Amino acid sequence: MTVGVVMLVHTALHRAEQVIRHWSAAGCPVVIHVDKNVDRATYDDFVQQVADIPDVKFSKRHRCEWGTWGIVAATQSASRMMLDHFPDVRHVYLASGSCLPLRPVKDLMDYLKKRPRTDFIESATTADVPWTQGGLDFERFTLRFPFSWRKHRFLFDRYVEFQRRMKMYRRVPDGIVPHMGSQWWCLTRQTLSAILEDPDRPTYDVYFKRVWIPDESYFQTLVRLYSQHIESRSLTLSKFDYQGKPHIFYDDHLQLLRRSDCFVARKIWPDANRLYDNFLNEKNPLKGAEPNPGKIDRIFSKAVERRTRGRAGLFMQSRLPRPGHENGFTSAPYSVFEGFSDLFEDFEPWLARMTGTRVHGHLYAKDRVEFEGRQKTFSGALCDNPKLRDHHAQLFLVNLIWNTRGERQCFQFGPTDSQFISWDIAKDANAQISVITGAWAIPLFQSNRNFSDIRADAAELQRIESEHLNALRSPWAKAKVRIWTLADFIETPMEALQTVLDEMAAKNLRRVTEAPKMADLTGFGQFLQNLKNQGMHPYLMGDFPADNAPVAQRPTRRKPYLVR
Amino acid sequence: MSRLPHWLAHYRTLGVAHFLIVDNGSDDGSTGYLAEQPDVSLWTTGASYKAARFGVDWLTCLQFRYGVGRWCLTVDADELLVYPGSDERPLSALTAHLDRTGRASFGALMLDLYPRGPVNAVDFASGQDPLEVLHWFDGDNYRAKRHPVFGNLWIQGGVRDRMFFGSQPERSPTLNKTPLVKWRRRYAYVTSTHQILPPNLNEVFDTGEGDRVSGVLLHTKFLPNITEKSAEELVRKQHFENSDLYQPYYQALIEGPDLWAPTSIRYAGSEQLERLGLMTRGDWA
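Same order as they appear, the protein sequences are chains A and B. FYI, in the working numbering the residues of the first sequence are -4 to 559. FYI, in the working numbering the residues of the second sequence are 6 to 290.
Looking at chain B on its own, in the form it has when it is part of the complex (with noise of 0.2 Å):
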């Protein structure tokens, strides 16, 4: 609830025409909230999490039924997506220069924000924008190849990897993403939206020297809440995969740790992530 408003502006801003939006089982009032706005579609649902394959099911569901046809954007309530140029170009744009090229897929990074000093310990109101309150981000401390299955580009690696998985790489979070998918009937995302179905439009990279346009979702995980989530979380059991495998990650997370290194770089826009190189226009002059 506390991210929501943002979110919506954020996303209104970019010019998206509506939102679909699956609530599971919230009790802080965003149902109401959503329910009240008038660009919203809402889905309520008790059912569980994990058995809807982390909601991949469901909303595979909305997207077979309402987006064939069209380009559509999948992202968590945390996520912010940010492209070259995002100030001033809306989506439309983006999604026309993809038509353009003949293609039916977009990629993007997940950028985790994290504040300074433990992140239990910020002020956050609700309703904020949270980048008032993360700032900092890893520059480039990612891996990438590609997945052996799904010729998806897999990449691992920044703040969570640093912190948390220095002793099982292996395990790290994936952080590419392909959010922004014009759809059509036959296709599927398989886990969240890392890797989708057919394997053609998990090529949102070239392999040769060239680059394409990309993105960057910025990640607002880390906001002061994420102490009780990871608790609620270690009871919940309802990650990804082999939930006890995360139990240290969460354990560590209730403690609110501090994330900032001295080699953190502070956020400062998406030019400053095309300069850095964590996302690129390609020839979207």
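Only chain A is shown next, with the shape it has when bound in the complex (with noise of 0.2 Å):
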């Protein structure tokens, strides 16, 4: 009793012929058959190449385009072939010229001479399975499908749009429940001769000459008439991307193959040298092992699953997400501080003691970009001219964001900040944003300057707040973020930083312990009456009692700080 191979050859004849030696060396019988489309004289050729090699057939040739009869037609006249001249063979496995075996022919004889009465071959019904592409997937089964897919797409969805209209089903036959599954299949000898030898045959046959993609279901679907036992799996090694069309093997999957302890993968790039040296060695060491194709899912999921969501937070050459299509405009996430520089003067230091992240000063100040550390340049080779970071500020960000991947970024912003990304943190789910509203008042406050001037600048800076606020509490906004006014927040500064950083979720976070130096507020409240006075009205600050200093007078050395 042995294994049979039947072999379905279009190109890459050379590495067909190698496999063809391989499967035949360990006394396989097999039936090759050559695509029509291939001409005569490569065909000849081929024929003359492996006319040494012994119990080698040709099988009447059919010519097979993707999607249509030609394939099943080609495997059934090939499989006819195999038991009529083969009396000996037990198992009949369909196999491509692009499919390679990983491990010994002897140990593919062993596993299936302790399964006589297995048929292995995929077969799922339509409402079973995710992987139809098209939209179509019972309806491959009961509409006509004139026009190649591939080459007519237009004509093809019209007709299939045409045919829904008019209701212009077909009738599956009676007795046959539609199967689908993966064309690569492993069948015994009793089931393969039943379904060539049916004597309803011909229906079926006439019937799936009109079915999308029969080589996918002609076999699923009649296995389930006759099959004493069947394994709903391939015994071959594929992997599909996210179109539906197979991955292709390279030398640099070696390892991987390796590991996958299947017996045949296909589709083998044809010139993976390293690939065919190693597998058609006689001294291949895979044996034993049950086939383990989930080991090798993981790349290959992977792989589709960055064609189709990228990896997120990433501009570049092959990925520029429309607004709002980015699956996460940045990698990672982030925090930004409002006024809480203005209102401390040591925030950034100890923010940085507190949370052992990155904190930054103003990256978007208008002068420069405060990098931490006030750096020329910094992850990536960002660079501090203001220029360049204006001209693509939502860039500069995500770029920022993805170069230090592993490491929470925090910096200040405010008013006096150029406000391009206004918008875009805010509708950021990674961005969390904490700001003390009016607190751009503290600077102004203690600068030295005429008051006029103070007066002009107080309006536009509340204005520029207010305007950033609007685009924070929008129904757009994703970002986490808290808004204290300046009076709610130095009620109890250290309850809302302590807030705050819990939310960062700092893995080593440390109670926070320590406060840092809140700016003098005296006469601050005077100030603010000051400006309203002058016809300014600065509500953002929250009520502040004009009269003398404010309530809240904090003691300015640090001092310990319980928090219960």
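FYI, nobody ran anything at the bench for these hints, they're computed from the structure. Nothing here was measured: the structure is a model prediction, and the numbers come from that model. Some hints here could point you the wrong way.
So the derived list for chain A, only partly shown, Cβ under 8 Å to chain B, looks like this [to be verified]:
1. Lys240
2. Asp247
3. Arg314
4. Gly319
5. Leu377
6. Trp397
7. Leu516
Simulated pairs of lysine-lysine, DSS-like, Cα-Cα distance not exceeding 27 Å [stated by the list, open to error]:
8. A:Lys55 <-> A:Lys109
9. B:Lys150 <-> A:Lys422
10. A:Lys204 <-> A:Lys240
11. A:Lys371 <-> A:Lys382
12. B:Lys187 <-> A:Lys473
13. A:Lys101 <-> A:Lys52
14. A:Lys361 <-> B:Lys150
15. B:Lys150 <-> A:Lys371
16. A:Lys382 <-> B:Lys226
17. A:Lys361 <-> A:Lys371
18. A:Lys240 <-> B:Lys187
19. A:Lys290 <-> A:Lys240
20. A:Lys262 <-> A:Lys290
21. A:Lys371 <-> A:Lys55
22. A:Lys371 <-> B:Lys226
23. B:Lys187 <-> A:Lys146
24. A:Lys146 <-> A:Lys262
25. B:Lys187 <-> A:Lys262
26. A:Lys382 <-> B:Lys150
If you want the footprint, here are the derived chain B segments under chain A, 3+ residues with CB under 8 Å [to be verified]:
27. 54 to 65
28. 95 to 104
29. 124 to 138
Built from N, CA and C at the ideal position, the CB exists for glycine as well.
Make the complex out of the two chains shown on their own, each in a separate frame, by following the hints.
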């Protein structure tokens, strides 16, 4: 008893020959079908090439176009030939010219010998399979497809639409339930001969000739009529991309394929010398284990995911998502602090100490980019030139976060900065934005300038900040936003800080034991009152008592603080 | 000339079948060297580079005649193409993948490589691998948007942007290219290989969430002879569009600046570029 191999070949004939020799050397008869699209001379040449190999036969040639009946017809005649000429064959293995045996053929024979009545064929009802392409699942059995999907897509689609509208459905022959699955199977003589010799076969053939991609459904359906024991899986390892086309294996997949423990893999790149050299070698080490295609799943599902989802927060040569389709504007969470560095004198070093994150100054300051430590360039050679930054303010932030993956970034922002990213951070779910509104008035309060200038600046800054707040409060905002008025914040600054730091969820976050040093606000209430008296209405700070010093006048020295 | 031997070797390893080269009045022996190569077809011209739209007309003409129906890679003598897996997989594997996924063009980012220290102070022997002396590049300070007319990606940034175009970022060099195209008679490059017509060939990038396979052109411009070249360039004024605008740029290059910054990244191969997100495999697993 042995395994017979039916091989469908259309290109890379030299590789096919190599594999045929490999099968044959292990004692497997091979029946070859060469696509009729291969010209006569090449075909004759190929026949000559393999003439010296025992037990190799060529079957009647059919024209094989993707998704058409030709492939089934080719499989039928080749299988017929296999069963008729090689009575010793118990299992027939359907393979293509780009299939490569990964394990010694002997291993496969032993495996099948232990399962003499089992048919290995992937076969599932259309209702249960998610992998159909083009939205045609059950309809591929009930519509007609006279136009090529690859060459005449427009006609194909229109005709499908037309049939749907006219309700022109075909009837599935009695007694069969459409199933689908991988084209590459391994069937027992009993099952295969029963399918081929079925008295109703002409009916089935006529029906399946008009089904779309019959090579994925003909045997998969009919096997359900006769098989005593179906293992619904393919012994051939193949991986599909998001369009349902098979991935190709190259030399660099060698280790991966070794780990899969599968018997046969497809498709192999014809020039993958290292793969062919390794696996067609007698000393192939793979044996014994149960095939486990799952082991290599990860890398290919990652490829599919990359193609459909991309890497979040990466804009590059082959990925420029439209606004709103980014799958994440940025790649990692980051924190934005507004007003904190105005209120606290040493906020940046304090925050860095407390959280162990990268704390930048005002990245969007108008005169320069204030990187941590005021470096000239930062990760990824981002440079501190504000003109370059403002030329594409969004990508500046996206790049910064991308370049520092694995390390949380914090930066200061405020109405004195350039405001290009105001909306972008508001809409970014990765942003954690904490705002003390009206804190921009503190530097004005401390400055030594003419009051009329201060008044004009205050009006402008208030306008900018309130616009920014509109963004943060809009229904499109996805950032984690916390907003305090200055008055509210200084009521209970430590609790507020603790909340913000907790939300950052830094791993080794310590209890906030030391407070940053708050600016001296003595007279600030009066300052605001003066602005009001000048006709400018500062409202973003909240209610500051105009009389004398603010209620919560904080001690300016650091003190231990315990939060329970 | 000093780049050519390595340049040819690089592309031969990738499996380029034939080279079509236009020699625009070189006087350093390149002509003789190229004429000896068995796989090079050489055209020489003394005509103006600028009048031929910076050589694009010459190349378009050659592609019109010899490139139709083939995958054509259009690169300068200082550009080395790498793509995901390019150490293992030949160009034919890449083009087969593009064919299979129904694409006729392939995009690559131009990545400027530079040495540490003044650009004119490195030792570079003629015929040497430029990557042996140019180790550094800018990791990710690139800005991308869509070109309003041609729909192509418009990437600017990198080291030249950082060093020389800080005061006029809109002038800074374009870094996106579409060097690999399955040529048809009605195709034409517009400016260098940055833009191509018809516009749908420019769509080498995904505008949704996903990405596609793309590569990187290692730009080995900053070899020691850059200072002489820049001096020449100032006189010839053959640069793109408005030559006068580039005067300060060439002036700066003549002085042999140090392009290196503490945050520059050392080049370590194609896998590194993938990891950094400068190129990606897309679905080409």
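Status of each hint after checking the structure:
{"no.": "1", "hint": "Lys240", "in the structure": "holds (6 Å)"}
{"no.": "2", "hint": "Asp247", "in the structure": "holds (4 Å)"}
{"no.": "3", "hint": "Arg314", "in the structure": "holds (4 Å)"}
{"no.": "4", "hint": "Gly319", "in the structure": "violated (10 Å)"}
{"no.": "5", "hint": "Leu377", "in the structure": "holds (5 Å)"}
{"no.": "6", "hint": "Trp397", "in the structure": "holds (6 Å)"}
{"no.": "7", "hint": "Leu516", "in the structure": "violated (39 Å)"}
{"no.": "8", "hint": "A:Lys55 <-> A:Lys109", "in the structure": "violated (33 Å)"}
{"no.": "9", "hint": "B:Lys150 <-> A:Lys422", "in the structure": "holds (19 Å)"}
{"no.": "10", "hint": "A:Lys204 <-> A:Lys240", "in the structure": "holds (22 Å)"}
{"no.": "11", "hint": "A:Lys371 <-> A:Lys382", "in the structure": "holds (14 Å)"}
{"no.": "12", "hint": "B:Lys187 <-> A:Lys473", "in the structure": "violated (43 Å)"}
{"no.": "13", "hint": "A:Lys101 <-> A:Lys52", "in the structure": "holds (21 Å)"}
{"no.": "14", "hint": "A:Lys361 <-> B:Lys150", "in the structure": "holds (23 Å)"}
{"no.": "15", "hint": "B:Lys150 <-> A:Lys371", "in the structure": "holds (25 Å)"}
{"no.": "16", "hint": "A:Lys382 <-> B:Lys226", "in the structure": "holds (25 Å)"}
{"no.": "17", "hint": "A:Lys361 <-> A:Lys371", "in the structure": "holds (15 Å)"}
{"no.": "18", "hint": "A:Lys240 <-> B:Lys187", "in the structure": "holds (21 Å)"}
{"no.": "19", "hint": "A:Lys290 <-> A:Lys240", "in the structure": "holds (20 Å)"}
{"no.": "20", "hint": "A:Lys262 <-> A:Lys290", "in the structure": "holds (18 Å)"}
{"no.": "21", "hint": "A:Lys371 <-> A:Lys55", "in the structure": "violated (73 Å)"}
{"no.": "22", "hint": "A:Lys371 <-> B:Lys226", "in the structure": "holds (24 Å)"}
{"no.": "23", "hint": "B:Lys187 <-> A:Lys146", "in the structure": "holds (18 Å)"}
{"no.": "24", "hint": "A:Lys146 <-> A:Lys262", "in the structure": "holds (23 Å)"}
{"no.": "25", "hint": "B:Lys187 <-> A:Lys262", "in the structure": "holds (24 Å)"}
{"no.": "26", "hint": "A:Lys382 <-> B:Lys150", "in the structure": "holds (17 Å)"}
{"no.": "27", "hint": "54 to 65", "in the structure": "violated (count 0)"}
{"no.": "28", "hint": "95 to 104", "in the structure": "holds (count 5)"}
{"no.": "29", "hint": "124 to 138", "in the structure": "violated (count 0)"}
Of the numbered hints stated above, those contradicted by the structure are hints 4, 7, 8, 12, 21, 27 and 29, listed in ascending order.
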